[in-house]
Amino acid sequence: MEINARVISRGNAVGKAMVSAEPISFLGGVDPKTGIVQERGHPLEGKSVADKILVFPHGKGSTVGSYVMLEMKKNGVAPAAIVNLEAETIIAVGAIISEIPMLDKPEGNVLELLKDGMDVTVDANSGKISW
Amino acid sequence: MRNLELTREEEKMLHGSMGEAKQKAMEILVALGRIYGAERMIRITSAQIAGVSYKNIGNAGLEYLRHMAALGGRVEVPSFLNPAGMDTEQWEEMGFPEDFAKKQIEVLDAYATMGIQTTCTCTPYLIGIRPSEGEHIAWSESSAVSFANSVLGARTNREGGPSALCAALCGVTPMYGLHLKENRVANLLVHLEAKPENRTDYSIIGLIVGKKAKKGIPAFKGIKPNESQLKYMGAAMAASGAVALYFVEGVTPEWKVSANAEEITITQREIDELKSKLNEADSADLITTGCPHASIPELEEIAELLEKKPVKKPFWICLSRKIKEEAKKSGLAARIEKNGGKLVADTCMVVAPLERMGFKSTAVNSGKATMYLPTMCKQKLIFGRLEEILWK
Chain A
1 MEINARVISR
11 GNAVGKAMVS
21 AEPISFLGGV
31 DPKTGIVQER
41 GHPLEGKSVA
51 DKILVFPHGK
61 GSTVGSYVML
71 EMKKNGVAPA
81 AIVNLEAETI
91 IAVGAIISEI
101 PMLDKPEGNV
111 LELLKDGMDV
121 TVDANSGKIS
131 W
Chain B
1001 MRNLELTREE
1011 EKMLHGSMGE
1021 AKQKAMEILV
1031 ALGRIYGAER
1041 MIRITSAQIA
1051 GVSYKNIGNA
1061 GLEYLRHMAA
1071 LGGRVEVPSF
1081 LNPAGMDTEQ
1091 WEEMGFPEDF
1101 AKKQIEVLDA
1111 YATMGIQTTC
1121 TCTPYLIGIR
1131 PSEGEHIAWS
1141 ESSAVSFANS
1151 VLGARTNREG
1161 GPSALCAALC
1171 GVTPMYGLHL
1181 KENRVANLLV
1191 HLEAKPENRT
1201 DYSIIGLIVG
1211 KKAKKGIPAF
1221 KGIKPNESQL
1231 KYMGAAMAAS
1241 GAVALYFVEG
1251 VTPEWKVSAN
1261 AEEITITQRE
1271 IDELKSKLNE
1281 ADSADLITTG
1291 CPHASIPELE
1301 EIAELLEKKP
1311 VKKPFWICLS
1321 RKIKEEAKKS
1331 GLAARIEKNG
1341 GKLVADTCMV
1351 VAPLERMGFK
1361 STAVNSGKAT
1371 MYLPTMCKQK
1381 LIFGRLEEIL
1391 WK
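Protein chains in written order, with the working numbering: chain A, 1 to 131; chain B, 1001 to 1392.
Don't read these hints as lab results, they were simulated from the structure. If you're wondering where the values come from, they're calculated on a predicted model, not measured in any experiment. Careful, some of the hints might be misleading.
[Claimed, not checked] Straight-line Cα separation of at most 30 Å, DSBU-like style, residue types lysine-lysine; simulated pairs:
1) K47/A x K1378/B
2) K105/A x K1181/B
3) K1195/B x K105/A
4) K1214/B x K1181/B
5) K60/A x K1195/B
6) K1195/B x K1212/B
7) K1195/B x K74/A
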């Protein structure tokens, strides 16, 4: 299956899906050394977002989160790509400066359509998600 | 969907003919403009950039700033910084860790290379940077954003550190949100069954309303706060919520309330209850004020209080270097320091690494600081008016 989405940060990626119905804060919410989500009570708590096609509604928390995404990229534990329902400043800026492919406004509810572990291809040049 | 139209010069920046740093910055501004439905960019007259304390931005932030500086990034408009993690002149005697200080200086150097004034303050409006009504700016520190929008009537969104830096490098910001007059309308009308009298009362009102308003725009009836009280109330609303603009009837330059605005009433009882909840310790290791950074009239008030009774515990008065220099010239600084106060410039109790400096409990008269001291600095709180906290 293939759906269209809006390009926020260009690039291509292939990986396993990781889906969160909850927003994500990278400052404090994710360990930049390991990529493991550490926010208490978060649905992804204890899981690593490294190399995943990370699907979540939008970011939250401090704008310093953008720099945390860059640190994760340098440490080799950043997501392979990001799909948001609705992009906002923190995740969009973080994806652009870290060169993580990112799409938003997918033409289909990816929180339902995609399941953890599915093989997903993100084309953030033409704006397509396929699985 | 509306399209984002760029001028020829903005196109040139985006395509790299004005250097790689401007290209990267414009890519971010264009992405934000598209996300928020801007139809064009708007020229700004100044930028205020957060993301300065090494405690917050860490190595990743430092590397990014160095990278942008190395790519030739230079600002197009007067730009200045938010507080850093330490007083850049007296960090050593104050016991700031040396490894931290070294990294902090590297952060400031990277910003300076890009032409940004290393005036580190959350109150640029106290040192002559006072945009006028209707002026477009890109500021990021949440209390400065609130003051500029609400008290001065300037126009800025609540920028992040990186997006304010990009705006500084390109001299423009996407025109959406609070840059557009039609969006500057209150959706929450606040009535008061209380008589706020001082900064602490106004701080508490700010904490309550910010939590309720979230990203909305509150409008207050029936209060007449002065500039210092507005500063404290706005800072608290921007910290407990994400309030970037508010109105006070008869006080702020703008006043427009939606016909469908929700109405709330705040009582004196609520104020008193929250105040007592924010007191978690009996005695303080450190007493602080100047969140947001202190003004000359506030320093005069402190000098008078300390002359009645000197303070024994470490007492930090956080402020900008420029206000400190003024206070030194007028003799105000000597009056305060003789009686136990310490004028701490460039930084504040929230972004300094208090948790690494042996402090466990901190007294403060700022509602904003009560939101951050427990999480960012692992401090137990004492909260009240200056007269209530100075001798704790």
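Check the hint pairing K1214/B with K1181/B against an upper bound of 30 Å on the C-alpha distance. holds, 20 Å
Below or equal to 30 Å on CA atoms is what counts here, so check K105/A against K1181/B. holds, 27 Å
Hint check: K1195/B vs K1212/B, CA-CA at most 30 Å. Holds or violated? holds, 20 Å
Within 30 Å, alpha carbon to alpha carbon, are K60/A and K1195/B? violated, 35 Å
Keeping to a limit of 30 Å between CA atoms, is the pair of K1195/B and K105/A held or broken? violated, 47 Å
When you check the alpha-carbon spacing of K47/A and K1378/B, does it fall within 30 Å? This hinted pair holds, its Cα atoms lying about 26 Å apart.
If you draw a straight line from the CA of K1195/B to the CA of K74/A, is it 30 Å or shorter? violated, 53 Å
Consistency with the previously given hints fails for numbers 3, 5 and 7, ordered from lowest to highest.
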